[in-house]
Each structure stands twice: as structure tokens, then as C-alpha cells.
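Number of protein chains: 2
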Amino acid sequence: MNGENELVVGVIGGLGPEATLDFFGKVLIHSRAKTDQDHIHLVIENNPKTPDRNAAVAGTGMSPGPALARMAMALDRAGVDFIVMACNTAHAFEKDIRAATRKPFISLIDEVADEVRRTYPEARRVGLLAAQGCLDSRIYETAFSRHDIQSLQPEKSSQERFMRLLYRIKAGERGPDIRAGMRQLGEELVAGGADILIAGCTEVPLVLTSGENSKPLVDSTDVLARRCVSYARRLESLPVRLDS
Amino acid sequence: MNGENELVVGVIGGLGPEATLDFFGKVLIHSRAKTDQDHIHLVIENNPKTPDRNAAVAGTGMSPGPALARMAMALDRAGVDFIVMACNTAHAFEKDIRAATRKPFISLIDEVADEVRRTYPEARRVGLLAAQGCLDSRIYETAFSRHDIQSLQPEKSSQERFMRLLYRIKAGERGPDIRAGMRQLGEELVAGGADILIAGCTEVPLVLTSGENSKPLVDSTDVLARRCVSYARRLESLPVRLDS
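Protein chains in written order, with the working numbering: chain U, 1201 to 1444; chain X, 1201 to 1444.
Honestly, the hints are just simulated from the structure, not real lab data. Take these hints with a grain of salt, some might be off.
Since copy identity is lost for identical chains, a pair holds within one copy or between any two.
Unchecked claim - The calculated lysine-lysine pairs, modelled on DSS-like cross-linking and capped at a C-alpha distance of 30 Å, are: (1) Lys-1356 with Lys-1415; (2) Lys-1295 with Lys-1249; (3) Lys-1249 with Lys-1303; (4) Lys-1356 with Lys-1303; (5) Lys-1415 with Lys-1303; (6) Lys-1234 with Lys-1249; (7) Lys-1356 with Lys-1234.
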């Protein structure tokens, strides 16, 4: 592999940090490198001080937009070639990132929708294990609808359980009740008609992996990590945005 | 914790990437955070394309100095407050980093020597599990001598075994023979008179942890991670360099 021709990946992270660590680890796994120099070059902006994304979408907290824009600008100044973000919900503020830099921003949401279409061409309904702000901003619903895929959400009380689990995971909990609770939420979506489950929040794969539910789980962190390696090595061209 | 007052840590990484991932994970553990916002802000420059440090010290390869300097400058431009490097051997090129930026550079080597003096005041001889370039450049020997601690190295053939293990770890190997081989090298240093073992290469703690040898092992990655959290939160002042 010729490092000279490879692209440098900028990562907006810290949302939360454990999810960024998980993303970094998955990039290394997908790189299948035999020497240091075979790995891809990443710059990771891990700013956990970014305001809570769910509170912002709900209108009860400050927007994370300015903090996300500052991370994008810092990555731009550091010399990255394209930017990704290891968080689903924060994509509700994607326009703040795109406004802050001319470097290409690769949407995790679009990559996941594309991955589902490629890997599961028969899928008609996906079940979203995602944070409230991610659901309320309809970012996955919009992306999947372009592929004629319907998005299913948990019932209101189940989604409240999801949010409690999410903040316990962010606090470092990984106990069996958390794992069982997340798996149960997945099964409820399957019972509601989901053909595929989406780990549409980067904290989900910290406690749930594919094979634990009765339908496949697509790990958004893993999809983004794999695509980053392909884009950095120019095995695939960066996606062109239709609306830009 | 008030994020406004905290310092942003810049990390020179990718030397190798698995060691940088290990460092990042240890920072998160030492942060003991209960929310995303409790974590510290890091910017990680993970450039694995940096030329091999051991070949450079041996005079058989290009200097990594310019690549390390470029990482330091990228971190500077990204807005970090101080810089650390998650690699021991590359500290042989520390002057290239210091020349590239006015941001404080915190030496992993000095932090480890200081940690040994604080934690093991009776230690007289440390055994170095470190790469050839780290030994040949005498960076640990110099730092420990300031604390009147003698540095012990493996015999020549043992050091050659160390180097073979090192490159297998960089290639992703973590098998029991690698772990046993590293533990054995530690025991040989203990037999030679070491009171304390130093995991003086960031690949060592990927296969060897304290408690496996008959003397304590000081993990340089863990020391740096812990100190970074303290410095970022201003629980300790950044060390002042005597020669600057």
C-alpha cells in the first residue's frame, strides 16, 4: 500500500469517547495491516465537552452545532482530506459541519442506509435502535426512504427504556441487565416487523453485537470504520452528494 | 468538573496505532467519567506512515523527525494546549517535536522515571523492556540516572528476541507464545537484578500486564494516560523542563 496516495481521515468524536474508541478500534481491525505503515492516517478530534445532542433536538439544551463546527475546522487546519463523525444523533446538525469546512463530510447515516441496501437488498423495514434526538430529527427515516425502506421505531415506553440504557452506557455500565435490555428492545422491533436492526447509536454496539437477536444487526460504527478504510485507500471514490 | 478550565491534550500517535488505541482507552479509564462531558478533550494525530524509529536510530532508515514535527504542527493548529507522544522510542527525536511547536511537550520518558521514583522510592535498578532504538538512544538511561536509578537491558540475544516479538505484535499477533516470550524476557531482567520492570515500549502492555512477572511492571502507556488526565484537569501543573 502506498501511503503517499492515501487520504487522511478526520474524525469528529467524543460523542461519546467510548464510542470513538470503539470506532478507532474497528478502523484498525478493518485495516488488516501487517506493519504500522500499512495502517491509514486518522486525526481524531475527541471533544466530549460538546453539548448533549438529544437535549438540543428536544429544545431543552444548547445546540452542539458550534462545537461540531469547531471540531470540523480544527480537523481542516490539521490537514485532513475528508471528515466523518462517530455519532449518529449529531448528524441532525450536519449542516453546521458542512458550513464550517470545504472538506468533504461523509455522512454516517447515508453510509448505513447504503450498506443496508447493498447487503440486504430484500430488506423492507429496518428497526432503529437510536437515540431520541436521532429519531425526532428523522435523519434515518429520510435516508432509508430514498432506498424505499421503511423505518420502525420502538414504542414510546420502550424508547424511554432505550434512553435510560444509553446514559448508563455513557456512564461506563456494561452489565448483563444492560445487554439484555438492549437485546430485548431489538426483539420488540423484530416483533413489530423489522427485517434488519440498526445499531443507530454508537453506544449500542458497546453492549449488543450481531447474532444476539433473531434478525441481523447492522453496526453503524463498523460500517463507517470499514468505509473509511476504503475511502482512505481510494478503493472506493468518496460519495457525491446529490444536493450539493 | 468545569470543562472551560481544562486543557486540551494533543497526542502524537500511530507509532503504532494499536498502542495509540491502548493509550486512548487508558485515558478513558483514568477519567472515571459519568457523562460524556466529564471526559477530557483530546486531539489524536494517528499517523502510522511515520518512518520506522528503530531503523532510524540504527542509521538504516529515514528519520521520523520530520513526520513527528508535522504531527506536532497539525496538533498546534488544531488548538491543543500541550502535546504528548504515545511511543517511547520516538522520544529519541523529541528535539524535532520541540523545534516544531511552542506548545509544551510532555515527555513520556520523564513521566515514567518520575513515576518510578514516586511509587517505588527504594528501586535501584529498573529492567527495560524497550525497543532497540530506545535502548541505543539511551533516553531511559539518561532519565533514570537523574533519579540515581540504574537501567538494565536484556542480553544481546534476548534483545533480538524482543525485537522479533515487537514486530509480531505490530502485525496484530497476540498469541500465548508472544505473551510467554515477553514474560520470559521480563524474568531474565529480574534475574539480572531488576527491582522493577518498565514496559518501555507501548506495544509491551498489549501482551504483558503487571502481576505476571515476579517484580512489578510499570506500564509507560498507563503512566502517560494517568498524567494526561491530571494535567488536562489542572490537578497537577505541567512539568517545567530544567533545560528550557
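Which holds for Lys-1356 with Lys-1303 at a C-alpha limit of 30 Å: within a copy, between copies, both or neither? neither (38 Å within a copy, 50 Å between copies)
Since the copies are identical, ignore which copy is meant and state whether Lys-1295 and Lys-1249 lie within 30 Å (CA to CA) inside a copy, between copies, both or neither. within (20 Å within a copy, 32 Å between copies)
Between copies, within a copy, both or neither: which fits Lys-1234 and Lys-1249 at Cα up to 30 Å? between (35 Å within a copy, 13 Å between copies)
At most 30 Å between CA atoms: does that hold for Lys-1356 and Lys-1234 within a copy, between copies, both, or neither? For Lys-1356 and Lys-1234, only the inter-copy Cα distance (26 Å) is at most 30 Å; the intra-copy one is 47 Å.
Is it within a copy, between copies, both, or neither that the alpha carbon of Lys-1356 lies no farther than 30 Å from that of Lys-1415? The answer is within: 22 Å in one copy meets 30 Å, while 56 Å across copies does not.
If the cutoff is 30 Å on CA atoms, where do Lys-1415 and Lys-1303 land: within, between, both or neither? Let me know, please. neither (37 Å within a copy, 51 Å between copies)
Cα distance capped at 30 Å. Does Lys-1249 pair with Lys-1303 within a copy, between copies, both, or neither? both (23 Å within a copy, 22 Å between copies)
Violation of the numbered hints given earlier is confined to hints 4, 5; the remaining hints are satisfied by the structure.
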